[in-house]
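Undergrad: Heads up: the protein sequence lines correspond to chains A and B, in order.
Residue 1 is where the first sequence starts when you use this note's numbering, and the numbers rise one by one after that.
Residue 1 is where the second sequence starts when you use this note's numbering, and the numbers rise one by one after that.
In short, the hints are calculated from the structure, not lab data.
Take these hints with a grain of salt, some might be off.
[As the list claims (entries may be wrong)] Here are the in silico distance ranges between beta carbons for each label pair:
1) A:K186 <-> B:F182: 35 to 45 Å
2) B:V125 <-> A:A52: 40 to 50 Å
3) B:S86 <-> A:P177: 22 to 32 Å
4) A:L105 <-> B:T99: 25 to 35 Å
5) A:R88 <-> B:R27: 45 to 55 Å
6) A:A94 <-> B:Q124: 17 to 27 Å
7) B:T99 <-> A:S183: 16 to 26 Å
8) B:V189 <-> A:S62: 22 to 32 Å
9) A:R27 <-> B:R27: 52 to 62 Å
10) B:A150 <-> A:E145: 46 to 56 Å
[Unchecked claim] Computed list of lysine-lysine pairs in DSSO-like fashion (alpha-carbon distance at most 27 Å, straight line):
11) A:K64 <-> B:K8
12) B:K64 <-> A:K3
13) B:K139 <-> B:K64
14) B:K8 <-> A:K139
15) A:K2 <-> B:K139
16) A:K2 <-> A:K64
17) B:K3 <-> A:K139
[To be verified] Reference listing, derived: stretches of chain A covered by chain B, where coverage requires no fewer than 3 residues with Cβ under 8 Å from a Cβ of chain B:
18) 3-15
19) 18-31
20) 56-69
Note that the Cβ used here is the ideal one computed from N, Cα and C, for glycine as well.
2 protein chains.
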Amino acid sequence: MKKSLGAKTLLYPTPVLVIGSYDADGRPNVMTAAWGGIACSRPPCVCVSLRAATASHGNIVSRKAFTISLPSRGQAAEADYFGLVSGRNADKFAATGLTPVAAELVDAPYVAEFPLVVECEVIQVHELGLHTQFIGEIKDVKIDEGCLDASGHIDVRTLDPVAFAPEAEGYFALGAPIGPAFSIGKIFVATTTS
Amino acid sequence: MKKSLGAKTLLYPTPVLVIGSYDADGRPNVMTAAWGGIACSRPPCVCVSLRAATASHGNIVSRKAFTISLPSRGQAAEADYFGLVSGRNADKFAATGLTPVAAELVDAPYVAEFPLVVECEVIQVHELGLHTQFIGEIKDVKIDEGCLDASGHIDVRTLDPVAFAPEAEGYFALGAPIGPAFSIGKIFVATTTS
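Excised from the complex, chain A in its bound form (with noise of 0.2 Å):
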């Protein structure tokens, strides 16, 4: 039996983004968004709504700019910082000890300790309501090379993403592995054609 809670933002999991601009006079900025994700397979998008206070919005209005970096578990402490303060208010590299380092293809920076970051730039601006939604163009993703596998893949374990779970207790690290995409359903395809 079903209840309904009603319109609320509710999806599990949710990503970690931490959010990287530079305000007008060059001072690197961080803010942590969960709102967000991948948006088109090409050209490469990702998507991240920030509200219009915040002083990331006005960063990336004016740079048209603005990378991912996405913390690993032992990490989620800064990140979460990240989203409980404004970058008008506190310098929050300072504040977590971590590093900003200018993104190569676009001009933002990035958090040098984190795992994978994600060069973004503007090519859409979508105004939602309370937030305004920016369609990034990827153009790199960097990875710290011990999360990469002898072979050159991405070992998810090394890299130990965070989620976010909205209205539960916060955040959690990955866990058991299922089973791999496009593959565990072939079982019912099997189903339908025999």
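Guided by the hints, dock chain B onto chain A, whose structure is given.
TA: Showing chain B alone in chain A's frame:
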């Protein structure tokens, strides 16, 4: 040391969104998408990106509505199957033995057996390239009563949602809790104000 992987759609984790829609004859269809997430808090909105070639894309353009049904770990194979074949060639509900139910508030079906359902009305459509992004205003969220704890909060362990890891090993369960959001980062606020 970071290694460049090029312009690729890499973000961890992504959700496993089973999108429900009706075709022109009112037949229910479902497909699985990992490109999407929450897009706005007020009005509450989700976004999901689909290729124009899919049957679901045409259905959603016509009906201006869709649902998202979230599978639990034990339903990952069914969700994977929903992404393997087209609704033009298969009755995916019949193949999996799952049950389509008409949403209460929007013109789309959902998967009765999946524990969490989001009913969405399309309010914006964005052409991004290979994918079209649909912005759906959330009209209601429904959850299996067994996924609520005694005080009515979502029990994410019982919900047991599925995460997808692009270009990695596939589907994963949620793992160890890391800590509460808007809380574990406060250690850095103390550092900056003391």
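Undergrad: All hints, please: hold or fail.
TA: Evaluated hints:
1. The supplied range of 35 to 45 Å is met by A:K186 and B:F182, whose beta-carbon atoms lie about 42 Å from each other.
2. The hinted window of 40 to 50 Å between B:V125 and A:A52 is violated, with their beta carbons roughly 22 Å apart.
3. Against the hinted window of 22 to 32 Å, the Cβ-Cβ separation of B:S86 and A:P177 comes to about 27 Å, which satisfies the hint.
4. The given range of 25 to 35 Å is broken by A:L105 and B:T99, whose C-beta atoms sit roughly 48 Å from each other.
5. For the pair A:R88 and B:R27, the beta carbons lie near 53 Å from each other, so the given range of 45 to 55 Å is met.
6. At about 39 Å, the beta-carbon gap between A:A94 and B:Q124 misses the expected band of 17 to 27 Å.
7. For the pair B:T99 and A:S183, the supplied restraint of 16 to 26 Å holds, since their beta-carbon distance comes to about 25 Å.
8. The hinted window of 22 to 32 Å between B:V189 and A:S62 holds, with their beta carbons roughly 27 Å apart.
9. In this structure, A:R27 and B:R27 meet the distance hint of 52 to 62 Å, their C-beta atoms being roughly 55 Å apart.
10. Range check, B:A150 to A:E145: about 47 Å between beta-carbon atoms, so the 46 to 56 Å window is met.
11. Annotation: proposed proximity of A:K64 to B:K8 holds, straight-line Cα distance about 19 Å (limit 27 Å).
12. In summary, the hint linking B:K64 to A:K3 is supported, as the alpha carbons are separated by about 24 Å, within the 27 Å threshold.
13. With a CA separation close to 13 Å, the supplied pair B:K139 and B:K64 stays within the 27 Å bound.
14. Between B:K8 and A:K139 the alpha-carbon distance is near 8 Å, which keeps this suggested pair within the 27 Å criterion.
15. At roughly 15 Å between alpha-carbon atoms, A:K2 and B:K139 fall within 27 Å of each other, so this suggested pair holds.
16. Annotation: proposed proximity of A:K2 to A:K64 is violated, straight-line Cα distance about 43 Å (limit 27 Å).
17. Annotation: proposed proximity of B:K3 to A:K139 holds, straight-line Cα distance about 14 Å (limit 27 Å).
18. With a cut-off of 8 Å between beta carbons, the segment 3-15 of chain A has 13 residues touching chain B; three or more are needed, and the interface restraint holds.
19. With 0 residues bearing a CB less than 8 Å from a CB of chain B, the segment 18-31 of chain A misses the requirement of three and the coverage assertion fails.
20. Closer than 8 Å: that is the beta-carbon criterion, and the segment 56-69 of chain A has 1 residues meeting it against chain B, so the requirement of 3 is violated.
Checked against the numbered hints given earlier, the structure breaks hints 2, 4, 6, 16, 19, 20 and satisfies all the rest.
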